[in-house]
Amino acid sequence: MANKTVSFEIKRQASPDAPAVWESFEIEWRPGMNVISAMMEIAGNPVTADGHSTTPITYDSNCLEEICGSCAMRINGKARMACSALIDNLEQPIRVEPLSKFPLVRDLQVDRSVLFENLKAVKAWIPIDGTYDLGAGPRVLPQEQEASYPLSNCISCTCCMEVCPQFNEDTNFVGAATIAQVKLFNNHPTGRVLKEERLRALAGDGGIQECGFAQNCVEVCPKSIPLTNTISDISRDVLLQKAKDFLRN
Amino acid sequence: MVTAQPSVAPTVHSGVQPLRAGEGSSFLWRKLHSLLGIIPLGAFLLEHMLSNFEALKGPIAYGEQVRFLNSLPLVRVLEWVFIFLPILYHAGYGVWIWLRGKSNIVYYPWAGNWLYAAQRYTGLIAFAYILQHVIRQRFMGVSLPEHPMEAFAKVQHELANPWMLAVYVIAMIAICWHFSYGVWLFAAKWGITPGTRARKRFGYVCVALGLGLAVMGLWSIWAFVR
Chain R
1 MANKTVSFEI KRQASPDAPA VWESFEIEWR PGMNVISAMM EIAGNPVTAD GHSTTPITYD
61 SNCLEEICGS CAMRINGKAR MACSALIDNL EQPIRVEPLS KFPLVRDLQV DRSVLFENLK
121 AVKAWIPIDG TYDLGAGPRV LPQEQEASYP LSNCISCTCC MEVCPQFNED TNFVGAATIA
181 QVKLFNNHPT GRVLKEERLR ALAGDGGIQE CGFAQNCVEV CPKSIPLTNT ISDISRDVLL
241 QKAKDFLRN
Chain C
1001 MVTAQPSVAP TVHSGVQPLR AGEGSSFLWR KLHSLLGIIP LGAFLLEHML SNFEALKGPI
1061 AYGEQVRFLN SLPLVRVLEW VFIFLPILYH AGYGVWIWLR GKSNIVYYPW AGNWLYAAQR
1121 YTGLIAFAYI LQHVIRQRFM GVSLPEHPME AFAKVQHELA NPWMLAVYVI AMIAICWHFS
1181 YGVWLFAAKW GITPGTRARK RFGYVCVALG LGLAVMGLWS IWAFVR
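For the record, the sequence lines run as chains R and C.
Quick note, the first sequence lines up with residues 1 to 249 if you use our numbering.
Quick note, the second sequence lines up with residues 1001 to 1226 if you use our numbering.
Accuracy of the hints is not assured; some may be wrong.
As the list claims (entries may be wrong) - Derived lysine-lysine pairs resembling PhoX-like cross-links, with alpha carbons at most 20 Å apart:
1. R:Lys120 / R:Lys195
2. R:Lys78 / R:Lys223
3. C:Lys1102 / R:Lys242
4. R:Lys244 / C:Lys1102
5. R:Lys242 / R:Lys195
6. C:Lys1102 / R:Lys78
7. R:Lys123 / R:Lys242
8. R:Lys78 / R:Lys11
9. C:Lys1154 / C:Lys1057
Unchecked claim - The calculated label-pair distances, taken between Cβ atoms and stated as ranges, are:
10. C:Ala1118 / R:Arg248: 56 to 62 Å
11. C:Ile1135 / R:Ser24: 55 to 61 Å
12. C:Leu1085 / R:Thr58: 53 to 59 Å
13. C:Tyr1107 / R:Arg139: 43 to 49 Å
14. C:Tyr1121 / R:Phe246: 43 to 49 Å
Stated by the list, open to error - One side only, chain R facing chain C, incomplete, derived with CB under 10 Å:
15. Trp22
16. Ala121
17. Val220
18. Lys223
19. Pro226
Keep in mind that the hints were calculated from the coordinates and are not lab data.
For every residue, glycine included, the Cβ atom is placed at its ideal position computed from N, Cα and C.
Kindly produce the complete structure, drawing on both the sequences and the hints.
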């Protein structure tokens, strides 16, 4: 009796400039398997469905439990985490493609460093470095913790940027993830010291004003971060900051 | 020894570029576009809808309304500063926004994403319609500022053409859609409705506003063709 199999179509590209080609793979079905475990299996035994040997597929992954943010890719056209994409819930053949908005490295691997640059541009950190012990930090009220916790769940997967119609090379929009981190650090009693700088940064070209409120970010976010609420709140903060700056200059 | 920290070169060479923190003035221009859509353009739209409604009372009442509007102090200045120039800016910048957005409803057919696309297309319809409407009704044919009592006949003549009537009906719906969703977007993007439930509730208000305006507008059109 033939075993149950799972079929994949994977978009391959040997280098950033090489032409893209689709390759089909067929592997044995196992209970509870997800796309990333299938990618591992295909990479370990790179033979196409019609029996030709090919190069092992390249992809990013790490934790395998939707907490590191590495394995975001387009699965059946939609950006999502490959680790939490269960095979049994997907229509076959499962089409796997790299994210489309980021420079391609190879196969399913893309360069998402723009998010890191954006986080640096808004100073998404709490400045506590010093030459002496600063002691205990200020107390964070439970209500503030409740509000901040969802924002701290961001895994930098960039799905919110991939699905955003405004995140492209014409607008160079900063994307929802960075805006959410601005709120997280602005809400922190010590992080707040950089609040005005963060808000001014977000009013730069490609800043929060480029948001078109299509709300795809909040739909796709694997960590259910309230991204649209955050964009609304931070938009107001940026606007008030710019108004204050204008009137106090 | 203190040495200068070598500046870290950006590591992003191709693709979407990082935020230009604090640089440029696109924030101001985008917010101006957004604000002009509400004031004065939204306010003018409401005035125009109310004035059109006078047509239901007949040609004389409609003519009197046109006469009243043209008797406002500095009316030509008001017309340019609060109507023509804001529309040109709102439309021009809007087209630029449309050109730079990459709609993806094929892959992500979600409600907000549809509304995002619809806002662009209704805006384009509105702009094309308003251009011909202003040229043909304000700057061509009988000059209504001088002959306000001929307003009804002028519009009636225009709407006697079934193609023009279709254009007016489509544009009326598109403009009411664009304005009411624009009000919703304004509240969301200026941080007036940061809560999910607040946006949902305000959504019902905006649907009522849009439907109310569209019904009023179509009813006014009917006054010219009945």
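Hints the structure fails to honour:
Hints 3, 4, 10, 14, 15 and 18 not satisfied by this model.
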